[in-house]
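Undergrad: Protein chains in written order, with the working numbering: chain A, 265 to 739; chain B, 17 to 125; chain C, 75 to 566.
Which chain A residues stay away from chain C? Per the calculated CB distances, all over 12 Å, these:
1. Gln-578
2. Val-618
3. Thr-634
So, partial list: chain B residues that the calculated Cβ filter (under 8 Å) puts toward chain A:
4. Cys-77
5. Leu-88
6. Val-90
7. Phe-104
8. Gln-106
9. Pro-108
Please keep in mind that the hints were generated in silico from the structure rather than gathered at the bench.
Note that CB positions come from ideal geometry on N, CA and C, so glycine has one too.
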Amino acid sequence: MATDWEVVIGLEVHVQLATRSKIFSWSSAAFGAEPNASTDPVCLGMPGTLPVLNRSAVESAVRLGMAAGCKIRTRCRFARKHYFYPDLPKGFQISQFDEPICEGGAIKFRLKGEPRAIRLTRIHMEEDAGKNLHAAAGVSFVDYNRAGVPLCEIVSEPDVRSAEEAAEYVRAVRTLVRYLGIGDGNMEEGSLRCDANVSLRPRGSEKYGTKTEIKNMNSFKNVRDAIEHEVKRQATLLDRGERIIQETRLWDAARGVTQAMRSKEQAHDYRYFPEPDLPPLVVTELEQVALRASLPELPEDRFARYTSEGLSPQDAGVLVADRETAAYFDAAVAAGAPAKRAANWLINELLARVDDPRALGEANCPVPPTALAELVKLVEDGTLSGKLGKDVFGKMWSERRAAKEIVAAEGLAQVSDGGALEEACKRVIAAHPGEAGRFKENPKLMGFFVGAVMKETGGKGNPKAVNEILRRLLG
Amino acid sequence: MSRITPEEVRELAVLARLALSDQEVARMTGDLDAILDYVDAMRELDTTGVEPMTHAVPFDCPLRADQVAPSLSVEEALRNAPRREASFFQVPRIVPGPGGASSAGEDEP
Amino acid sequence: MIAARGASLVAIADGVRAGTVGAREVTEQFLDRVARLDGGLGCFLKVDAEGARRRADAVDAARKAGRDPGPLAGAPIGIKDIFCTRGIETTCASKILRGFVPPYESTVTARLEAAGAVALGKLNMDEFAMGSSTENSSAKPTRNPWSPAHVPGGSSGGSAAAVAASLCAGATGTDTGGSIRQPAALCGVVGMKPTYGRVSRYGVIAFASSLDHPGPFGRTVEDAAALLEVMAGVDPLDATSIPAAVGGYRQAARAGREGLAGVRLGVPTEYFQPGMDAEVEGAVRAALDELGRAGAKIVPVSLPHTKYAIATYYLICTAEASSNLARYDGVRYGHRTAEAKSLEELYTKTRGEGFGTEPKRRIMLGAYVLRAGYYEAYYGKALRARRKIADDFAAAFSTCDAIVTPTSPVPAFKFGERIGDPLQMYLADILTVAPNLAGIPALSQPCGFTKSGLPIGLQIIGPALGEEICFRVGGAYESRTDWHTRLAPEAA
Ligand SMILES: [Mg+2]
Ligand SMILES: [Zn+2]
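Input sequences plus hints: build the corresponding full structure.
TA: See the structure below:
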């Protein structure tokens, strides 16, 4: 019988930090300028230019490290990593090597409800490279707008055990980055990038198998699909008694396969050495205290709070997945909406209407939290039936009007006043003497009478009240 | 004994992306050999417990405020480019690397 | 009119500030000397007559308008071609940077212009400042004004020779292992390497980042001091520039004329070794006697790790050079091979064609010592040895205020005499590299001539941020001797 293979995955995630200027120079780090319009002599690697470190990039890296529970070095260093490639202006990348700014820590998330903590090896700061565009006719183009955009590289321990877990890990990193407001974590635009080191070993075995490095996965789906495919590929080879070659493989999303990258003759030798142009970076205990104080309530803390407030783990999970959703929820509850109800409305009505939950955070969200709270209260106190509530919400969303306003204008308030309802019930009974006679032996006719009364009241009758009155009059 | 062979010199030349003629390789081998032989005298110096001196003057890294200043114009950025096309720098075709189009973040091909 | 030949930079600036002579008038006189004399010397790679006239006129206009034209008003200077100058070709005397026109200005040249100095053009040097004779220039050789058969030293050979020949009254240079002091000594002028980080490196093309020191050349100690006062100071564009107040260097140079009472001058036995030229040693010993007569106390000091300085220096500078020169790839600027069929060819051919022999040699050695598995044995070892060498100086300065040595063990040598043997060329830096490793200031000034008429240099080394003591001792010696008044021969 075939061996039971255990999947072992380590992830390297690169996060672009959303600073105004670049990590070592003054040109704009914003995405989307015309080619080579966002450069300066420093990020172009022009002769004689020197790097000067961006304070905001350092603070973002430290806050990310703190959020992941890393140890923050009070003294860290930059190092030069050498290789030749057209998008790398200086022939080396300013990165960190043996003294990174953050060490240890873990990324926490839930997989099928189960809490997971993937340990981190390190988080280090470095500069991004430009972009090579592969034009036709035997040439390529280079755009250096991205050169020098600040990056945090998050390196995990080989703790990930499945493709799905890998995708959830990357999603958790994005959530953290967005909670901290240090980047937008957009995999499609490349502001969040992921490489995976994948290997298999017989379950129970201590030592790791030969790994391959998977690149070019630019969506959560890609991460899952690419790793799933690679795991199958390796298992097939190993079951056949073949060996895995240590290599870098690119994910081809179109064809749904990973393929070995044409590997170079000579092995890499990055010739790291301490960056002489930047003295050691010191982040004092005092500065660390201030930065720690600036951290928001983190996803896992919010999750604990919500479940303790009676929300189901499923609902809590959905709410904390995006900072804006969670903030919206807290605001609605603060405005008086009961937690469980607010969660239902938020998950079933609002999230169903937006492609990106971040839209809920925007000032121009059609139904702000206070407005939703007002609607929820109208349903709670019986002014609106659940069904009518949904209709009203639809109008609130499309017409940007307040619930009370819509209810008043369209006279949608439920009739609960006994007198009016009793008159309606009497009219219905009088109109159907036969059914009224047969009611005693056939109580199921109650449904018929309630329906008729609702028709009579144009759907505004409070079903509960109608039932009571009919039972009294027919009983 | 010789400390470096012509083969090693050729490997180094690949690593450093330098096209060297056979005469250059021969000469370079001799020069590097003599220099490495000379610097070997350092081995006798005991440096245990000595903190490496990476910077001549010790002080902490200064930080700059995250402020944008004017970029070079596209023309200024490209004026010195030996080959350009539209507002891009032009190079011989790159066999697509990781991410198809970038090296940092990923390693280069 | 002024007597341009032999004129001191501060004398010219003071005259322009006082209005006794016009900056434009001075500029024309020096441009005329360059036109007449540089053909035989080869100091200038590029003369910027138009720019010089524009700057001179601006100085005169400022003065006439009653505005302060600056401390260096109208002072004609030359710029080593390692300093980036906006809109003016900057090549580092390398084929690989031919045609490169920077869209930015080095902090040093910007400060000099703001102070009223008038840059006449760009000066020759060893390619990427790698050399001790300026024979490694890809453009042309520069001749020693005292003897056309001899080299001017290097790498700032064009700067030293231009000042010695009065083609400019002052100049900028860079000193990574002696590249200001050694050519100053060989050309009979004053050269100053300040404390590391005293002068911004922004816009100074990097050779070995942790060892590169920009600094001034002058005909007199006060000239060099006046230039350094303007060049020095913290720069937000250089993270290694020191946030410390700039001292009164001119003042210190003048103070030396009052003598050196209470000053202790250390003489390291390790700096007087066999192989030193007898005339050089004689001249330096005589200079020490003179300094003693000026009131200084001469004390012996020891710098025991001196013998490791050259090896340490070449391991560090080649490693950093191999890294700094990786950016020259034919993509963004400079030379690009005509025949690149692939990316690999673009790199290897562009770099193979663009770099001269010495940069190639250092790139290779640097790549070798940084390779995985070799790092600790070579680069790591060198960084630790560097600390021991720096500690030697710290200990010595607990018993003396400055250290006095020869600058170069030999006077100027003949063209081609050493170029064939790189190791011998490296060994000639023995007396100058240690202050670069320690990052401490060191000045070289004339202290005599050989019988054959070649200049000899005296080196004065100070503690970190101790530029003043170097200038004070130098000013004292200069005020009691007349070597600095001798003029190099001039083709009529
Ligand atoms: Mg990596
Ligand atoms: Zn990276």
